[in-house]
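Enquirer: Heads up: the protein sequence lines correspond to chains A and B, in order.
417 is the number that my numbering gives to position 285 of the first sequence; each next residue is one higher, with no gaps.
39 is the number that my numbering gives to position 31 of the second sequence; each next residue is one higher, with no gaps.
Don't read these hints as lab results, they were simulated from the structure.
Errors might be hidden in some of the hints.
Selected chain A positions facing chain B (in silico; Cβ < 10 Å) [as the list claims (entries may be wrong)]:
id : residue
1  : 167
2  : 215
3  : 359
4  : 391
5  : 396
6  : 400
7  : 401
8  : 402
9  : 411
A few chain B residues that don't get close to chain A, going by computed Cβ distances all over 10 Å [what the hints assert, rightly or not]:
id : residue
10 : 21
11 : 25
12 : 80
13 : 81
14 : 86
15 : 149
16 : 150
17 : 186
18 : 187
19 : 190
20 : 214
21 : 218
22 : 227
23 : 228
24 : 253
25 : 257
From the three backbone atoms N, C-alpha and C, an ideal C-beta is built for every residue, glycine too.
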Amino acid sequence: MSEFLQHLVNMLVLGGTYALLGIGLTLIFGIMNVVNFTHGVLYTFGAYIMFIVVQQLGLNFFLALPVAVLAGWLLGAAIELTLLRPLRGSDIDTTMLVMIGAWIAMQSGALWIWGGVAKSVTTPFPEAPLVLGPVSVSWLRLFVLAAAALLILVTYLLINRTSLGRAMRATFQDHDTAALMGVNVDMIYTSTFAIGSSLAAAAGALLGPVYVIFPQMGDLAAVKAFAIVILGGLGNITGAVIGGFILALAEELGAGYVSSGYRDAMGFLIIIAVLIFKPTGLFARAERVG
Amino acid sequence: MRAIITILLVAALASVPLWLRDPYLLNALITTGIFVIGAMSLNLLLGFTGQLSLGHIAFFGIGAYVSALTSLGFDVGLPGDLRLVHAPWPPIAGFVLAILVAGLCGCFVGLLSFRVRGAYFVIVTISFAEVVRLVALNWVELTQGPLALTNIPSIALPLPGFGEMTLRTKMHNYYLVLVVALIAYLLIARLVHSHFGRAMRGLMENETLAVSVGIDVTRTLTIAAVISAAIAGAAGSLYAHYIRIIDPEVFAFINTVTMVIMVISGGKGSLAGPVVGGLIFGLLPVALRPVMAPEAQWIAYGGVLMAILFVLPRGIVPSLAQRFSRRRSNAPALAPVALTETGAKEPA
Chain A
133 MSEFLQHLVN MLVLGGTYAL LGIGLTLIFG IMNVVNFTHG VLYTFGAYIM
183 FIVVQQLGLN FFLALPVAVL AGWLLGAAIE LTLLRPLRGS DIDTTMLVMI
233 GAWIAMQSGA LWIWGGVAKS VTTPFPEAPL VLGPVSVSWL RLFVLAAAAL
283 LILVTYLLIN RTSLGRAMRA TFQDHDTAAL MGVNVDMIYT STFAIGSSLA
333 AAAGALLGPV YVIFPQMGDL AAVKAFAIVI LGGLGNITGA VIGGFILALA
383 EELGAGYVSS GYRDAMGFLI IIAVLIFKPT GLFARAERVG
Chain B
9 MRAIITILLV AALASVPLWL RDPYLLNALI TTGIFVIGAM SLNLLLGFTG
59 QLSLGHIAFF GIGAYVSALT SLGFDVGLPG DLRLVHAPWP PIAGFVLAIL
109 VAGLCGCFVG LLSFRVRGAY FVIVTISFAE VVRLVALNWV ELTQGPLALT
159 NIPSIALPLP GFGEMTLRTK MHNYYLVLVV ALIAYLLIAR LVHSHFGRAM
209 RGLMENETLA VSVGIDVTRT LTIAAVISAA IAGAAGSLYA HYIRIIDPEV
259 FAFINTVTMV IMVISGGKGS LAGPVVGGLI FGLLPVALRP VMAPEAQWIA
309 YGGVLMAILF VLPRGIVPSL AQRFSRRRSN APALAPVALT ETGAKEPA
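I would like the entire structure built from these sequences, with the hints used as guidance.
Expert: Structure follows, in structure tokens:
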């Protein structure tokens, strides 16, 4: 039983960052209809920003997170403006392949700049974990959960309480009508991609110090993000949050009770199962077949 | 005219080992040839049915593992104290089994994943490939996991009256790959120009219309997936017996991307497209190797992929064919050119 409780605690910590990844991708996928293969690279990028700010510049750990968010925002906006805007109107396969090209180029760029050796980040938190009865959790992971929860809340308010968010939701529903109503759809697309990218970078900056940082770390993160989006339904932020926690739970239970080698298979199995048995996602309204 | 060009091209390809003495280049040509076969099989799905399968390397890898395990033998425990023991068979049996098993997997994956279209189809196919990779990595008893299957025997051809001929040298393997590639090319060409091929292209252009004239969409797509997977399995088997060592990295997503790049750059929906694109991208690393660090090569790879999609979105062969036929305006444009144009659109 205590083992199960420990899995639940781990699930909460992982689920928060997975939710961040998922929200970022579901916004991009839902609003722009772009299968964003650079999402994982942005995750890696955020982690390396953390490494640069903390290890190489020697600045404060807590300062590094906003820097990573900002850097992710800028890189996302740059990708959107240079690659996606010229391809507006081309079919989904073409943009998908261009994003794959960008992913390969950027990941190899990271490998070129920082090398393949895994990097770690020293954190200001005490080594000893917080012990609560049968479960223990490290202070770093608690901070990760709190920061993720804060970012999710901010994103939720941004989408639901601001005029930018209203324009984004209108574009998601019908971009032609939104454009007729005076929404600058191009600007919305750039903002969406930038916000989604900054969330991926934030997730990387948060999980980077928990694990280690290496150029290919984003590949699995991207797949997990796709699994979360498919679970939660396209463009559905609440769905992405719930999907993030479901995936984290599946991974924890899979690693704990099946085999740790298959931890990363959970995301793929969820994708296959959901698309075969309930292709609209668990919480979606939108039609996706055809 | 076209027949003469074709014969000359094949003769030129067949003559390569006679004058090319550099083993490194010959090796690059053999592995490129194997990937060209994979790209041709991918083109059958991507170019002629319009389905972008990004899990294609799964069938290649399954073919490689099936062929390797058939010729090496294995002894694995199954649930319930059962043991599955297999004594080594000749590699040629592995080649045949690789084709059959990969085709069977293509049937299974096709039946499951053709329920969804567009981006979701792409993601399902990626997921299948990754699950297969994780199984290959974790089922150590069968696959040796990351330790790799080693000492895979070379393919031996039974020659009636002469015993066996083991294809051990690069020259042998070059001709083996060339022959399999030609068979695959002719098979795909025949298929595409058959009644079935018209059904495939019909549903690529307009699925709703295809259904209304009585084309069974799932059946057509699944048959295409089976043939495509079987050819990819054959390529994987050739790879296993040529390289003679297989590890789960064969399933790496980048290998699928390589095939996709070959098809897209050469021209999807054109028979010669994957061959042209395959030769360019298979040999590009050879050309770049002296001038660039490996990481920089991959950056260039990604950059070239993006550049092709921006500059020549329909691929090299269709663009050239169109230019050629425009110059001789009495000749009609090649059919696949028009098809890729309309086929690129998603049904609303």
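Enquirer: State the violated hints by number, sorted upward, taking the hints as numbered earlier in the document.
Expert: Of the numbered hints, all hold.
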